[in-house]
Every structure is written in C-alpha cells, then in structure tokens.
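Protein chains in written order, with the working numbering: chain A, 1481 to 1889; chain B, 95 to 323.
Because the hints were derived from the structure by calculation, they are not lab data.
A portion of the hints provided could be inaccurate.
What the hints assert, rightly or not - Here's a subset of chain A near chain B, in silico, CB distances under 7 Å, partners left out: (1) Arg1490; (2) Ala1588; (3) Leu1781; (4) Ala1784; (5) Met1785; (6) Pro1789; (7) Val1809; (8) Pro1881; (9) Val1882.
Quick reminder that beta carbons are idealized off the backbone N, C-alpha and C, glycines included.
So you can see what is in the structure, the chains are spelled out below.
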Amino acid sequence: MTIFLSLALRNMFRNKKRSAITLSAVTFGLTALIFLRGFVFGAQAQMVENITTSLTSDAQIVPKSLENIYNTNGYIEDPEAIRAILKAEPRVRAYAERVVAGGIVSSATNSIATFVVGFDPGMETAIGSRRAVEQGRLMTPEDSHGAAIGDTMREILGVDIGDKIVVTAQDYYGALAGEAFTLIGTFSTGNDQIDNGTVMVLNGSAQRMLSLDHRISKFAVAVKDDRDVENVVRDLRVRMPPKQDLKVLTWQELIPVMAQLINFQNGMIFVVVFIVLTVVAAGILNTLMMSIVERTREFGLMMAMGTKPAQVILLVALESFLITALGAVIGTVLGIALTAYVGHIGIDLSRFISTFSNFLIGSHVYPQVDWVYLLIFLGVVMGSNVIVSLYPAWRASRLDPVEAMRQVG
Amino acid sequence: MKNPQIQLAAVGKTYHSNGLPVRALSGIDLAIDQGSFVVLAGPSGSGKSTILHLIGALDRPSEGRVLIEGDDLYRRDRKELAEFRLHQIGFVFQAYNLIPVLTAHENVEYPLLLQSVPASERAERSEDLLKKVGLGDQRHKKPGEMSGGQQQRVAVARALAARPSIILADEPTANLDSKTGSELIDLFRSLNEQFRVTFVFASHDPMVIRRAHRVIRLKDGKVEGEERQ
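Given the sequences, and given the hints that come with them, work out the whole structure.
Laid out in structure tokens, this is it:
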C-alpha cells in the first residue's frame, strides 16, 4: 500500500500541465459551489430573519381560523391561559400579543382594503420585531388614538403625518365598527403587501374598536435557540387547552410559500451541483484516460513484475483521489475565503430590489458559508471523482503486459 | 522421473497484426531443468522473446501447454499468474524498463515491497545488489539521470532482488559495453551455480552464447537445433 501511495504522489505531477488543469477544475468547481450555496444561504437567512422579525416571529399560537397569516377575524377567547403556558416554558424567550382584522382605511380622498394589526410596542421589542420609521416617529403605549401605515399606503391615501385616517372593520359581534386615528408614523419593509395594506394600531385600540374585550388574535412566540423551534412548537401543541381549538404553527407553516421557495432553492443547488460535478468528473476521466495511454508501457512492466490487477486499480484510484483531495482542500479554502469576504462587504442587489423585495430580501445580500452543504459538496466531489477513476483504473488493470510493453513510450 | 522445471509441449503462438494472423511459434517442444543456463539464439523474429513471454506468464500460447514443475501454467487466472511472476520469475527486458518516478534503489525494492519483505531486509538486498552491478553510488538516481547501461544494470539488480527461481533475460547485454556485459554474465553464472537459479536468455551476443550450458537455435518460430557445452 505504501509503495502505491508513494507512486501515486509522484505520478500526480508528472504531467504538470494536465495535473494543473485537473486541479483547477476541482478547485474552481468547489469554490463556485461553496460560494453559490453561500449566496443562496445568506439570502435565505436574511429572508427568514425578515420573516420572523417583521411578520411571524419563530412560531405563533392562533385560533384554527387563522392558520394562514393572510386570514383575519379569528380570536383567542382566553389569552390568560396561554400567557401562563408561555411564561412557564423556559425555552421561550418572549412573546407578543397581536390583533388582526380585515377592514378598509380611508382618507379624505381615497379608500383601500387593509389589514388592521393591533400590537404592543413593548412586547414587540421583547421578541425582536424590527421597528423602523420612514416618516414621523415610532408609536408608543400612549398613542391610543394613533396609527402607523406603510409609506406607499400613505401616498395612495394622500395623507401626511398628523392627518386623520378612518379605519372601518367588522367587530367581534359582526357589526360594522369604525374609528378615526391620527397618523403617527410610516414604515417601509420593501414588501408590497405589507407596505400597501397594513394599518398598525395599539392592541388596546384594536380591542376597543372591534369590541374584543380581553380577546386577541394571536401570540407571536420567540424561541431562545433557533434550533429548538420545532421541539418547542411540538411541546406547546400538547399543552394547548383543548376547548380553545388553537394551533401552534412554525413560521414555515404560517407562510408555506416561503418555506417552499427555500426548499426549491435548495433543490436547485443540487441541480447545479450535478452539472458542475459532471464537468469536473469528465475532466478527471479525460485526464486519467490520457495518463493511462501515455503510461501503458509502464503499467505493462509493473504487471510483468507481478503487480496484481487490483494493485493497478488501487494505484490509479489513489492518483485520482490525491489530486481531487488537493483540489478539494484549495477549493474549500478559496470558497470559504471568497464567501467570507463577500459576506463581509455584501452584494448590492439594489438594481433588482423591486424583484426581490417581495421575497423579503434586502438590497444587499450577505453570503455565509453553509457548513452542512460544504461537507456534502466535499463528499460528493471526492466520491464521484474516485468512482469516475475506477473505469480508467480497470482499463489499466486489464492491459496485456506484452502488448503494453511493446508500446513506444 | 522428476519433471523438468520448465516444459513447453507442442506450443504454438499466432498473433494478429492488422487483422492478419502472424505465426510466431509452432510445434515447440522444450524441457529445461532447474539450474540450467540456457540461451535461445536466433535471428530477429525467430520467436525467442515469445518463448520468454510464455515461460514468464506474460502471454498465452495459442496451442500446446507450458508446464512449470509439471503444472500447467495457463490454467491459472490473472491474479495467480501475477503471483507466479512475482515469486518465481525475474525479468530483464531488452529495453530499459524501469519505473521512471522511482530511484534505482526503489526500483530494485519494488518487487520486494510487493512480496512484503521487511524494510531492513529490502534495504540490505537492494544495496548489496546495486553494489554487485556496480551502481552502489547511484542508488538515489532516477532512471532519467542514468545512462542506458546503468539503467539495464538496475533492471538486472531488480530481477535478482526477489530471488526468483527462474530469470528470463531478453538481450540483457545488448546495451552494455563488453566489460560490463561480461561482468553481468559472471554475476548470473555465480548465482546460477550458488543458488541453482535457472537462467533463460534470448541473445545474439556471442559472449553470452559461449558461456551458456545449452544453446537452443530458433528459426521462423521453430527449434532448428540445439547444442550443449
């Protein structure tokens, strides 16, 4: 074995040009894959971060009628029981209570359909919701007759900070309810549906207007450790009071289209992996076949001296393994370095922002190394190239020593 | 009666060149006892090398049998033939057939590594043999750094290293000066006498022919005559 390892190491750079081509193919392929995955992974992380901080948090407890975030007008009858459960769960970092209803918002000049979202500023801060103003100021617990809307909605309604807007919605008992609010601030998330169609008011205001009494629509739950979300959700499901008919949902269940988009992107990566690896493997196969043709006489000699066919296969496979391993090391280092560097400065996608903003990706994407995929790429690159080397190795092992030694070498 | 070490019984060999059959050997009957020092002599194309390849398990006869110690060699599979070559046969080829990436010392050690000979013994045998072929100070050179004659002597040392019972040499002195060639044959003779290693040469060299126990003359793939001396 040692002699074949030693031979393989020395044979690796016998034809420097060819080895350089093989090495570059593996290196470039792996660097490109690590970076591409890093880009997608960074964008996904940002998307998930935006979804969980702007919309859903890690999980939500909702009445059955609000299984999808786009549904409205379902209420939790006894929120106090749920508060007790959440307070008793040590893995829950914080929770926020929200009210959601469908309605119409009107100014003196225009009216549009909207979600009326009630929130508690202190609780939202505690769960890490992103709150920023485009114009005006952030709402405080004192703004019981104030509202915040998306900046694009403000343009549609033709209102300014300090102006009145009137919100009309169906109350808890099915009657039409309405109330005027003063515009305190505007926000801009980049997501059209949010920016065009959300009026934010305090929970107390929403409860008052909709005659909800103590009822709320949902709890947004932030979990201390992201990796615990699934387990926490599973445990909370068991603890929900049966008569309230509530659901505990992860953000993926609340916005399935986003979860599907992420799964689709992950699947597409493997299509790219397949294409890149096919090209790299074809390069390795070609190199090995040429190398074997050039060294036919040498293989004949080795077999004449008693080298067994399996040992010839071992030698060729080792040569392929070593050059692939070297390329893999360089490719991994370059891939990590490139991803880390670009991850530090970010990629400016502002030209395409109108396309991406609805997926909740910001104007800059910050790639980050996905270590799990990196290991998968390494395994697949190494495995496929060693498998590819078996054919030329087998061909070499089947050479007729006499014929092989007749070759002009 | 004891079997001859090497026996060729009605051996024929036909090659195909560009789709046309070429008769290389026909009706060869030959018996070589252990400890012989035999030269196959004859013009180019007479079948000398083909016989060496058949004895050395490198080729298969088209007809007839090759027996080693009475055992039909070509009943064995590829792996067993490789094993046979490794333990029983030492080859010295006409051209300089060394592994180019290995040093002289490593080339000599190669068959010993395949035989799993311990490192200290490998080093000892390799050093000893390289000294015997006059290359004690060239052991770290690679084939590309040595002359043709030096490379041939390394190939001889390698053939001897594995202590085979049969050494097959195809024109071993063809690329050596007469003094080195003569010394090489002296070495072969001493091994032949000391250890009863069988030597079968294919050679034109009168010096080699003169010093053989037995000369088998070939022509057009047939045995034309034989002399014992």
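Right, here's what the structure says about each hint:
1. Arg1490: Holds, about 4 Å.
2. Ala1588: Violated. Min distance 89 Å.
3. Leu1781: Given a least distance of 5 Å, the restraint on A/Leu1781 holds.
4. Ala1784: With a minimum Cβ separation of about 6 Å from chain B (threshold 7 Å), the hint on A/Ala1784 holds.
5. Met1785: holds (5 Å)
6. Pro1789: Since chain B brings a Cβ to about 6 Å from A/Pro1789, closer than 7 Å, the hint holds.
7. Val1809: violated (23 Å)
8. Pro1881: Since the shortest Cβ distance to chain B is 5 Å, the answer is holds.
9. Val1882: With Cβ-Cβ at 5 Å, under 7 Å, it holds.
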